[in-house]
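So the sequence lines, in the order shown, correspond to chains A and B. Position in the first sequence (first residue = 1) + 1 = our numbering. Position in the second sequence (first residue = 1) + 1 = our numbering.
No lab work stands behind these hints: they were computed from the structure. Everything numeric in this text was worked out from a predicted model, so none of it was measured. Be aware that one or more of the hints could be misleading.
Same chains, same names: a pair is fine if it fits in one copy or spans any two.
Distance condition first, Cα-Cα at most 30 angstroms in a straight line; then the derived DSSO-like pairs of lysine-lysine [to be verified]:
#1 K334 / K300
#2 K379 / K334
#3 K296 / K334
#4 K317 / K300
#5 K317 / K334
#6 K379 / K317
#7 K296 / K475
There are 2 protein chains.
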Amino acid sequence: MRQYKCDSALEQWAEAVGPDYVVTGEAVLRQAETSTFATNRRISAIVRPANREEVQECLRIATRCQTAIYPISSGKNWGYGSRVPCSDNCVLLDLGRMNHIVDFSEELAYVTVEPGVTQSQLYAFLRERHSALWMDATGASPSCSLIGNTMERGFGHTPYGDHFAHTCGLEVVLPDGTVIETGFARFASAQAAPLHRWGVGPFLDGLFSQSNFGVVTRMTIWLMPAPEYFQAYYFRCEGEEGLSAMIDALRPLRLSGTLRSASHIANDYKVLQALRQYPWDQPGCATPLSAEAMKGFRKTLGIGAWNGSGALYGTKGQVREARRLLRRALAGKVTNLTFLDDRLLGLAARFARFYQFFSGWDLKLMLEVLTPVYGLMKGIPTENPMTSTYWRKRDPPPASMDPDRDGCGLVWFSPVAPNKGDDARRLTGIATETMLRYGFEPAISLTILIDRSISCIVSITYDRHVAGEDERAKACYQELLSTLAGYGYHPYRLTVNSMDAASEGGAYTELLQTLKRTLDPGAILAPGRYLPIVPT
Amino acid sequence: MRQYKCDSALEQWAEAVGPDYVVTGEAVLRQAETSTFATNRRISAIVRPANREEVQECLRIATRCQTAIYPISSGKNWGYGSRVPCSDNCVLLDLGRMNHIVDFSEELAYVTVEPGVTQSQLYAFLRERHSALWMDATGASPSCSLIGNTMERGFGHTPYGDHFAHTCGLEVVLPDGTVIETGFARFASAQAAPLHRWGVGPFLDGLFSQSNFGVVTRMTIWLMPAPEYFQAYYFRCEGEEGLSAMIDALRPLRLSGTLRSASHIANDYKVLQALRQYPWDQPGCATPLSAEAMKGFRKTLGIGAWNGSGALYGTKGQVREARRLLRRALAGKVTNLTFLDDRLLGLAARFARFYQFFSGWDLKLMLEVLTPVYGLMKGIPTENPMTSTYWRKRDPPPASMDPDRDGCGLVWFSPVAPNKGDDARRLTGIATETMLRYGFEPAISLTILIDRSISCIVSITYDRHVAGEDERAKACYQELLSTLAGYGYHPYRLTVNSMDAASEGGAYTELLQTLKRTLDPGAILAPGRYLPIVPT
Numbered sequence: 002m003r004q005y006k007c008d009s010a011l012e013q014w015a016e017a018v019g020p021d022y023v024v025t026g027e028a029v030l031r032q033a034e035t036s037t038f039a040t041n042r043r044i045s046a047i048v049r050p051a052n053r054e055e056v057q058e059c060l061r062i063a064t065r066c067q068t069a070i071y072p073i074s075s076g077k078n079w080g081y082g083s084r085v086p087c088s089d090n091c092v093l094l095d096l097g098r099m100n101h102i103v104d105f106s107e108e109l110a111y112v113t114v115e116p117g118v119t120q121s122q123l124y125a126f127l128r129e130r131h132s133a134l135w136m137d138a139t140g141a142s143p144s145c146s147l148i149g150n151t152m153e154r155g156f157g158h159t160p161y162g163d164h165f166a167h168t169c170g171l172e173v174v175l176p177d178g179t180v181i182e183t184g185f186a187r188f189a190s191a192q193a194a195p196l197h198r199w200g201v202g203p204f205l206d207g208l209f210s211q212s213n214f215g216v217v218t219r220m221t222i223w224l225m226p227a228p229e230y231f232q233a234y235y236f237r238c239e240g241e242e243g244l245s246a247m248i249d250a251l252r253p254l255r256l257s258g259t260l261r262s263a264s265h266i267a268n269d270y271k272v273l274q275a276l277r278q279y280p281w282d283q284p285g286c287a288t289p290l291s292a293e294a295m296k297g298f299r300k301t302l303g304i305g306a307w308n309g310s311g312a313l314y315g316t317k318g319q320v321r322e323a324r325r326l327l328r329r330a331l332a333g334k335v336t337n338l339t340f341l342d343d344r345l346l347g348l349a350a351r352f353a354r355f356y357q358f359f360s361g362w363d364l365k366l367m368l369e370v371l372t373p374v375y376g377l378m379k380g381i382p383t384e385n386p387m388t389s390t391y392w393r394k395r396d397p398p399p400a401s402m403d404p405d406r407d408g409c410g411l412v413w414f415s416p417v418a419p420n421k422g423d424d425a426r427r428l429t430g431i432a433t434e435t436m437l438r439y440g441f442e443p444a445i446s447l448t449i450l451i452d453r454s455i456s457c458i459v460s461i462t463y464d465r466h467v468a469g470e471d472e473r474a475k476a477c478y479q480e481l482l483s484t485l486a487g488y489g490y491h492p493y494r495l496t497v498n499s500m501d502a503a504s505e506g507g508a509y510t511e512l513l514q515t516l517k518r519t520l521d522p523g524a525i526l527a528p529g530r531y532l533p534i535v536p537t
Numbered sequence: 002m003r004q005y006k007c008d009s010a011l012e013q014w015a016e017a018v019g020p021d022y023v024v025t026g027e028a029v030l031r032q033a034e035t036s037t038f039a040t041n042r043r044i045s046a047i048v049r050p051a052n053r054e055e056v057q058e059c060l061r062i063a064t065r066c067q068t069a070i071y072p073i074s075s076g077k078n079w080g081y082g083s084r085v086p087c088s089d090n091c092v093l094l095d096l097g098r099m100n101h102i103v104d105f106s107e108e109l110a111y112v113t114v115e116p117g118v119t120q121s122q123l124y125a126f127l128r129e130r131h132s133a134l135w136m137d138a139t140g141a142s143p144s145c146s147l148i149g150n151t152m153e154r155g156f157g158h159t160p161y162g163d164h165f166a167h168t169c170g171l172e173v174v175l176p177d178g179t180v181i182e183t184g185f186a187r188f189a190s191a192q193a194a195p196l197h198r199w200g201v202g203p204f205l206d207g208l209f210s211q212s213n214f215g216v217v218t219r220m221t222i223w224l225m226p227a228p229e230y231f232q233a234y235y236f237r238c239e240g241e242e243g244l245s246a247m248i249d250a251l252r253p254l255r256l257s258g259t260l261r262s263a264s265h266i267a268n269d270y271k272v273l274q275a276l277r278q279y280p281w282d283q284p285g286c287a288t289p290l291s292a293e294a295m296k297g298f299r300k301t302l303g304i305g306a307w308n309g310s311g312a313l314y315g316t317k318g319q320v321r322e323a324r325r326l327l328r329r330a331l332a333g334k335v336t337n338l339t340f341l342d343d344r345l346l347g348l349a350a351r352f353a354r355f356y357q358f359f360s361g362w363d364l365k366l367m368l369e370v371l372t373p374v375y376g377l378m379k380g381i382p383t384e385n386p387m388t389s390t391y392w393r394k395r396d397p398p399p400a401s402m403d404p405d406r407d408g409c410g411l412v413w414f415s416p417v418a419p420n421k422g423d424d425a426r427r428l429t430g431i432a433t434e435t436m437l438r439y440g441f442e443p444a445i446s447l448t449i450l451i452d453r454s455i456s457c458i459v460s461i462t463y464d465r466h467v468a469g470e471d472e473r474a475k476a477c478y479q480e481l482l483s484t485l486a487g488y489g490y491h492p493y494r495l496t497v498n499s500m501d502a503a504s505e506g507g508a509y510t511e512l513l514q515t516l517k518r519t520l521d522p523g524a525i526l527a528p529g530r531y532l533p534i535v536p537t
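Here chain A stands alone, though its shape is the one from the complex (with noise of 0.2 angstroms):
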C-alpha cells in the first residue's frame, strides 16, 4: 500500500464508486504498471467510476487528496504507453466501465459514446441494426476506446479517418469536477448539438485533445453513410527511390478530392511484419534483418519496396472514375496497380493461383495481409496487426494477444512531414539508417492523412525479454526524435516516456502551462501529459 497525502484517500474513492471498483491488488497494478517498452511509473490504485457523476466526485477526491489521476478509457494506447501515467504514483482513473452508447441517429449518422464504448462494440451495434452506417476503425485493436483513440487523435483509412475532425459536443469533467459540454451542446435541447462542431463563442474541443485539463466522459462520433461501391487499390515500387515520385503522384489526388480517404503508404519491412514473425530459421539470422536479406524477401514474397493501399468510395461511377485518374497518375511511377472489391475478393481465394497469372500478385499469401487491411478500409475493426508486435518473439502469438503481458516491445514514433515526395524520402531515408544502426528493423508506414501532410510511423519492434532491448529501443526513441525535429518532422504524437518533446519551452508552453494552473491548480489530473510537470 502507497501513500496518499490524505490517509482515508482509499476509503473516499471506495464510497464514491462502490469498494468492489477500487483495486490495490499488487499483481494487477504490477500489470497496469507494464507498457510495451520501459517505464518506471508506479501506480498506486485503480478507481472504476460507473458513470459521470462518479467521475466527478473522484476528481473533486483527488483535488481534496492532492493525490495524482490518470484517466483511462480502455487503456490500449499501444506503442504509446498502454495505461502507464505520465508521473509517478498516480492513481488510474479506469473509465471502462462507463461502456454506454448513449445516443444514435441513422438518418444524421452520428453516434454519441462514453469512454469505456470500445471499436468492436460500436461495429456490433451497427450490425445488430443493420445500419447503412459505417464507422472508421484504427488498426490497434477491436477492444480499443474509440473516445481514447480519438483523443490522442488516432487516425484510421476510410474517409472518416481522422478521428478528431468527425467528433462533436463533448462532455468533458474538469479537474475541479465541473462538467461542461462543448458547442451548441451547452445549451438544453440544442438541436444542432451533435451536428454542428464549432458552436458559437470560442471553440473549446481542441483544449481537451492530447492534454490534461479534464476527462472526456461523451462525445459524438459522425458515422460514414455505406457507399454503393467499394473498391480498394494497392501498387508499389520496386526500388526505395520510387516513393519520392509516388507521393507526388497520389497529392493533386488527394488535394482535388478524388482520393477522399488515406492512402497508406508500407516499406517492405513493414509489410513481412504483417505478414510473418522474424525469420529465425533462416541461415545467419542475427538481427536486425540487414537491407540485403530484406531484399530476398521482397522478391520471395513479390513485395516492393514500398507498398501502397487505400480505397475508393461512391457510386460506381463515381468509383470508376476515380480509378481512371488514379491509374493516369500512377502510370510509369508504380507497378502491379490492382483493384480489388468484394467480388473479386471472392473470387480471388477460389482462384489465387490463375489470379496470381494475371496480377504478378501471390494472392495465397498476400490475401492473408490484404483482407485486414481491406476490411479497415470499410471499417472493419481488426486484431490482425497486433499480430506484427509479436514480430521479435520466438513463440508465434497466443489465441489472445496481450503484448504488454507478453513483453512485446513496441514503441511508436510518429513524425509529420509535408506531403512531398522529397519530404518523404529524407525522413524515411535518416529513420531507416537510425533504426538498423541501433539493430532494429526500419517498419515504416506513411499516411496520407489530411490533404497536405503525410502521417509517419516508425514501429521500433522488439523482444522485451531479450536484456539490453529496451534501453537500445529507448535511444533509438531519441535520436529519431531529435534527429528529425532537426529537419523540421515533428511528432504528432507521443509516448508517455518522451512527452516533454510537445513543449518548444517559450510562450506556447508558457501559455499551457497558465491553463494548466488555472484549470487544475492542484495540478492532480495526468501530470506530465503533453506538458512538462512545472516543480513547485
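Fit chain B to the given chain A structure using the hints.
Chain B in isolation, oriented as in the chain A frame:
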C-alpha cells in the same frame, strides 16, 4: 477628447505606431461608431499598427493604461456590427495596415496572410501569378478581411466554404503582448506548420475564434486546386411546403460526398432583394411587402418560393456522375433544375430568349443574379450581394457602396438547424411570420455548409433614415433570437448588441470567464465579445 486611466495613453500609442496612425478626429470616430443598426458605443481613438511588434506594444500600453482595445481587421462585419465594439469607450485597434501576404505555395496549396489582407487582394495575387488555385470567397464584400471573416466563422460557397476548418497555424498576440504560434508552427522551422492543423498537444486555434482571448496577426489559409471542370446547378420549388422535401433529398448527397460544397437555398424575398430594390413604384406599396404581393413577383420573375443553387467540382466525368445523382435525388421534388457552365453562360447571355424557351428561366433577368453567385461558387469575390442592403432605400445604390455611411439598415440573424426538412420548415416558418409581423420582408437563406446542419441567415433589411425602424429591427431580432432558441435553434454568430446570447449562464460560461480572467486580467481586449462582461 475622452478620458483614459493613463493621461499619456495617446502619446504612448503615438510613439508605438507613429503619430500619423493614431486617429482622434471627431468625424472619423463618428463614422467608426456607425453600423448598419443602432448602437450606442463611443470610440475614443483609432490606433493603426503596421506590424506584429506594434500590436504587441499597443496591447501592453492598453494593459498599463487599463484601456479597453477592440481589434478590427477590415471592419466590414456588416449585419453584425461593422467596426463597432461590444463595449463603450474602446480604442479601435485597426489592423488594416498589416496587409502582407507572407507565404504562398502553389504545390501545397496554401497562403499565409496578415489581418489586413482582403478578399480582392488575395484574388488579385492569385491571378497575377496565374495560379491554378482557387480561394473561397464570402459574399460580404471584396474588401472584407480574410482573417476577420474566418475568425468570425464566416463561410463561402466552394468546397472550402467552412473557412475556419480550412486554416492552419495562427500567430496570436495575447492581451499581455506575448506572441504564440499554434500547431506545429511553435517549433522553429517545423516543416508541417502550414499543413497540419492539430500539431502536438492541445489544439488551441479554437480559443481565438469568436472570442476576446487574443489578436490573430497571421494565419495560413488552405486553397483549392481549380477543378478541371465546374458546373453550377439551380433549382426551385413553387410552394413554401416544398422546402422540406428539397432538404431531405439533398442531405444524402451531402453525406455521401457527392456534393462537396454547400447548397444554398434562398426564399423568394431573398431573391427579390438581390434582383432589385423595394418596389416603391407599385400601387399600394406599403411595407412590408405582403406574401400575396410576393407571389405576384414570383410569377413575373419566374422564381420559386425556395430557390436552390450550388456547384459541382471535378473532372468532366466526376461532374457528370454528380449531375446524374443530383437529378435523380431531386426528381419530382423541385422544378427547373438547370445546369450552367462557363460555355453555356456565354451562350445564354447571347441567346437569352432562345434559352428561356427551352429552360423556362428568364435569363435576361436571372443572369443578373446568377452571374455573381456563379462567380462566388468559383471563389470570385463580388460586390453584388451588397446592393441588397439598399433594398428599402428610395435612391439606387451609389457606385461606391458603404452601408454604414448610407444608413442602410441590416441585421443578420443566423440560427443553425439540423440538416432536415422538418427543421428547415419550422425554423423558416417562425422566422417568416415574425418578420412580417414586425413589418420587415422575411429574406431568408439556408446554407448546407457542413453535412449535418443548416446555417440559416435571416436578413432584417431596412432604411435607418426612417424613424422607428432601428427600434423595430432590434425588437424583431430579439424576438427571433428568443423564440428560436426556445425551439433549440441557436445562432452560430452574434451581433455586437446580442453577445449575451452566447452565454448559457452555466458552467461553460464560467469556464470562459475563468479563461478570460487568466489571459486578460485587466479585461482590456474586446470586452463583452462573445462573453458577458463581469462587473468588477
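Tested hints:
1. Proximity of K334 to K300 under the C-alpha cut-off of 30 angstroms is restricted to the intra-copy arrangement: shortest distance 19 angstroms within a copy versus 58 angstroms between copies.
2. Taking CA atoms no more than 30 angstroms apart as the test, K379 paired with K334 passes inside one copy only; the shortest distance there is 27 angstroms, against 32 angstroms between copies.
3. Within a single copy, K296 and K334 get their C-alpha atoms as close as 20 angstroms, which meets the 30 angstroms cut-off; across copies the closest is 60 angstroms, which misses it.
4. Proximity of K317 to K300 under the C-alpha cut-off of 30 angstroms is found in neither arrangement, the shortest distances being 35 angstroms within a copy and 41 angstroms between copies.
5. Proximity of K317 and K334 under a CA criterion of 30 angstroms is satisfied in both settings, with 26 angstroms inside one chain copy and 24 angstroms between copies.
6. For a Cα distance limit of 30 angstroms, the shortest separation of K379 from K317 qualifies both inside one copy, at 16 angstroms, and across copies, at 27 angstroms.
7. In this assembly of identical chains, K296 and K475 lie within 30 angstroms of each other by CA distance solely inside one copy; the values are 28 angstroms within and 75 angstroms between copies.
The structure fails hint 4 only (numbered hints given earlier).
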